[in-house]
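Given chain G, work out where chain H should sit, using these hints.
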Amino acid sequence: MNLLAEAVGFGLVTAAVIALAAVGLSLQVSVTNFVNFAYGDFMTFGAYITYSANVAGLNFFPAVLVGAAGTGLLGVVSNWVIFRPLVKRKSRTLVLLICTVGLSFIVQNAMVLIWGTNSDRYTVSIGNALHIGPFLFTPGDLILIAVAFGLLALLHIFLQYTRFGTALRATSNNSDLAQACGIDTGRVITWTWAISGLFCAVAGVGLALETNTLRPALGFNELFVIFGAIILGGIGRVYGAMLGALIIGILTEVSGMFADPAYKGAIAFAVVVLVLLIRPQGLLPSRGRSA
Amino acid sequence: MLFFVLDLLTLGAINAIMAVGLNLQYGQAGILNFTYYTFIAIGAYIAAVTTLGKPTLTGGVEQYVLQWRLPWPLALLLAGAVAGVLGLVVVLIVIRRLRSDYLAIVTVSIGFIIWNVITNYIPLFNGSNGLFAVPYILNGATVTPIEYTLEVLVVSVVVLAACLWVARSIFRSPYGRVLRAIREDDVVAASFGKSTTGSRVWVFVIGCIMAGLAGAMLVFYISAWNPAGFLPQESFILMAAIVIGGPGNYWGAVLGTFIFIELLSEIERFLPNVGNGAAVGAGRAILIGILLIAVVRFRPDGLIPERWLRWYKTKGPLPSGPASGDPPHLVTGRRGPHRLWGWALSRGKS
Numbered sequence: 001m002n003l004l005a006e007a008v009g010f011g012l013v014t015a016a017v018i019a020l021a022a023v024g025l026s027l028q029v030s031v032t033n034f035v036n037f038a039y040g041d042f043m044t045f046g047a048y049i050t051y052s053a054n055v056a057g058l059n060f061f062p063a064v065l066v067g068a069a070g071t072g073l074l075g076v077v078s079n080w081v082i083f084r085p086l087v088k089r090k091s092r093t094l095v096l097l098i099c100t101v102g103l104s105f106i107v108q109n110a111m112v113l114i115w116g117t118n119s120d121r122y123t124v125s126i127g128n129a130l131h132i133g134p135f136l137f138t139p140g141d142l143i144l145i146a147v148a149f150g151l152l153a154l155l156h157i158f159l160q161y162t163r164f165g166t167a168l169r170a171t172s173n174n175s176d177l178a179q180a181c182g183i184d185t186g187r188v189i190t191w192t193w194a195i196s197g198l199f200c201a202v203a204g205v206g207l208a209l210e211t212n213t214l215r216p217a218l219g220f221n222e223l224f225v226i227f228g229a230i231i232l233g234g235i236g237r238v239y240g241a242m243l244g245a246l247i248i249g250i251l252t253e254v255s256g257m258f259a260d261p262a263y264k265g266a267i268a269f270a271v272v273v274l275v276l277l278i279r280p281q282g283l284l285p286s287r288g289r290s291a
Numbered sequence: 292m293l294f295f296v297l298d299l300l301t302l303g304a305i306n307a308i309m310a311v312g313l314n315l316q317y318g319q320a321g322i323l324n325f326t327y328y329t330f331i332a333i334g335a336y337i338a339a340v341t342t343l344g345k346p347t348l349t350g351g352v353e354q355y356v357l358q359w360r361l362p363w364p365l366a367l368l369l370a371g372a373v374a375g376v377l378g379l380v381v382v383l384i385v386i387r388r389l390r391s392d393y394l395a396i397v398t399v400s401i402g403f404i405i406w407n408v409i410t411n412y413i414p415l416f417n418g419s420n421g422l423f424a425v426p427y428i429l430n431g432a433t434v435t436p437i438e439y440t441l442e443v444l445v446v447s448v449v450v451l452a453a454c455l456w457v458a459r460s461i462f463r464s465p466y467g468r469v470l471r472a473i474r475e476d477d478v479v480a481a482s483f484g485k486s487t488t489g490s491r492v493w494v495f496v497i498g499c500i501m502a503g504l505a506g507a508m509l510v511f512y513i514s515a516w517n518p519a520g521f522l523p524q525e526s527f528i529l530m531a532a533i534v535i536g537g538p539g540n541y542w543g544a545v546l547g548t549f550i551f552i553e554l555l556s557e558i559e560r561f562l563p564n565v566g567n568g569a570a571v572g573a574g575r576a577i578l579i580g581i582l583l584i585a586v587v588r589f590r591p592d593g594l595i596p597e598r599w600l601r602w603y604k605t606k607g608p609l610p611s612g613p614a615s616g617d618p619p620h621l622v623t624g625r626r627g628p629h630r631l632w633g634w635a636l637s638r639g640k641s
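As they're listed, the protein sequences go chains G and H. Reading the first sequence from the start, the letters are residues 1 to 291 in the working numbering. Reading the second sequence from the start, the letters are residues 292 to 641 in the working numbering.
The shape of chain G in the complex, shown without the other chains (with noise of 0.2 Å):
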C-alpha cells in the first residue's frame, strides 16, 4: 500500500511535466490544427538556454524565464518562416506535419552543435527526498508540482475570462468564423505559438530536473508519451490533455510496480493504443471537428 501511493507520488510529478507539456502542445494543436514533431526539442531547446543563461551569471529561477521567452521566439519563428507560407497556400496536414519532422532534424542538431552531447546538469537539484503523508517527495517536485498546477490555473483564467482567450478558442473552434468575426486570427496563432512555447520550456526545464541530465535528445525521447497524452485526452482539448497527462503519469509509475519497470514506457502506450481502439476521438472527444 505504501509502495502504491509512492508510486501514485512519482506518478504526480511525471504527471505535472507531461501536463505542462501536453497543454502546450495541445493549444497550439488546437489552433493550427497539425501536430508538431519538433515540440520536444523545443522542450529541449527551452531547457537549454534555461541553464546557458543559469550558466552566465543568472538565478535559476530568472533563467527558467529567459529560457521559455526563447523557446517562446522559436516558436513564433518558426511559425513565421515555415508554417505560415504553407498554411497560406493551404497545405495539407500532412506536408505541415512533415515539416515539422524538418524542423526537429533541424533543432534537435543545432543543439548537438551548440551544446554537444555530452550530458549537462543544472546547479540547482531537486533536494532530498521528504515523506509528506504516504507519498515520497522531494522539494523540487513539490516547487515543479505547485508551478503545474499554477501554471495551468492562469492558462484556464487567461482562456476563459480574458479577451485574448475567448479569442483564443474562437479561432480553434473555427478559425474561418473567427476571421469573419473581426479577430485577427493571425496576431492569435504567433501569440499561441508563444505561449505553447512558454509552456514548453518550464515542461522541459522539470524533465530535465526530474532525470537529472539534459542531453539534446532528451525532448524528443519524452515527445510520444506526451503525444500519448493528448490523443488520450482528445487531440486539440487542452482540459483533456490534463487529463490524459495525469492518467498516463501515474499509470506509468504505477505499471512500474507490478511489471518490469523497463516496460513502463510500454505499458503506458499500449493503454493509449488501447483507448484509441474503443474510443478513437480520445476520452473528451472535440466538439464536430476532426474525428
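Each hint should be verified, as a subset may be incorrect.
Said to hold, decoys possible - Listed next, the in silico EDC-like pairs over lysine to aspartate or glutamate satisfying Cα-Cα at most 16 Å (straight line):
1) G:Lys90 <-> H:Asp592
2) G:Lys90 <-> G:Asp176
3) G:Lys88 <-> G:Asp176
4) G:Lys90 <-> H:Glu475
5) G:Lys90 <-> H:Glu597
6) G:Lys88 <-> G:Asp184
Rather than coming from a laboratory, the hints here were simulated on the basis of the structure.
Structure of chain H alone, referenced to chain G:
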C-alpha cells in the same frame, strides 16, 4: 575503390527496396507511416533467427527464438511475410477511424512499443545486444568481401526489380487510381463507392512486406542487427528522403533515398571531424531538415514529380467514360480532387 562503389550500390539497392515500399504507403495511399523502419527491423530479425542455428555463445549469454537454419531464400520470404502480418495488425489498429495525422502519431507509439519489447525481452531476439554472425547467403562464407558484396548486390537488385514491378502494377491499375483518389480526398473517393479503409489496408501490408524483404537483405549483407538500428529517427530520415525525392513517383523515391541516405553518409566518411564528435552527423541531419522544408515549400511534388502529370500530356485527356466530355480545366491545372473526380469517373468501379 571498387569495394567502395559496390558497397554503395548494394546499400543503395537495399534502400531503394525500402523506398519503394514506403512510397506505396505514403506516395500512393497518403498513409504517413512513421514507424516504417520497425517493419524493416522485423524483417531483419526474422531473417536472422530463421537462418541462424544454436547460439555460439553458451550459458544463456545469447538467446533468441526459432534457430531454424533455413536456407536463405526461404528466410527472405518468411521475413517479408512476418513483416506483412505485423503490418496488417498495426494497420487494422490505426486505420479505422483516425485522421491521417493522428494515425502518424499512433504508428510512432506502436513502433515504440515494439522497440521497447524487443530491447527488453531478451529471449526473443537477444535484447539490446542484438544478433550477430548471421550466416552469409549463397557461398558467402568462402569468397572475398568484394565478391560477396557483388553477390548481395545481384540478389538485392532482383528483389528490387520484383518490388518495382509490383509497385508499377499497382500504380497503373484501377486499384492504384483508387488509392490516389483516397490520398487526395477520401470523402470524394468514398462517395464514388470506393472502400477507403480496405484499399489502404492492403497497400499498407504490401509496403510492409517490402520493408521486411529489405530488412532481410540488409541483415544478410551486414550480418548483424540490434535495436540501435531502428530508432524512430531512421523512419523519419527515410520519410524525409521520400518527400525530397518525390512521393508518388517511385523513381523519385529511389533517387531521394540514394542521395540523402547513401551519398550523404558516404560523404561524411571523408569529412574531417570538427568540433564535438557528433558534429558531422548533426550537420547532415540539419541539412536534411532544411532541404525537406525547402522542397516542401518550393517544390511540393519533390525533385521528380508524380508521373501521371506527364502521362496526361502525352496521352491527351481522359481516354473514355462519362467524364471525357468534361471541360478541359478538369484535366489541366494543379493537382487536386477535381482532377480525380474525372479520373475516377472515367474508370468506373475497379
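Here is what the structure says about each hint:
Between G:Lys90 and H:Asp592, the direct Cα distance comes to roughly 15 Å. Compliance with the 16 Å bound is thereby established for this hinted pair. Distance check on the hinted pair: G:Lys90 and G:Asp176 sit about 13 Å apart at the alpha-carbon level, within 16 Å; holds. A distance of roughly 13 Å separates the Cα atoms of G:Lys88 and G:Asp176; the hinted pair therefore holds under the 16 Å criterion. Using a Cα cut-off of 16 Å, the hinted pair G:Lys90 and H:Glu475 holds, with the two alpha carbons roughly 13 Å apart.
The hinted pair formed by G:Lys90 and H:Glu597 fails the criterion: a straight-line CA distance of about 19 Å is larger than 16 Å. A distance of roughly 15 Å separates the Cα atoms of G:Lys88 and G:Asp184; the hinted pair therefore holds under the 16 Å criterion.
Violated hints amount to a single one, hint 5; each of the other numbered hints is respected by the structure.
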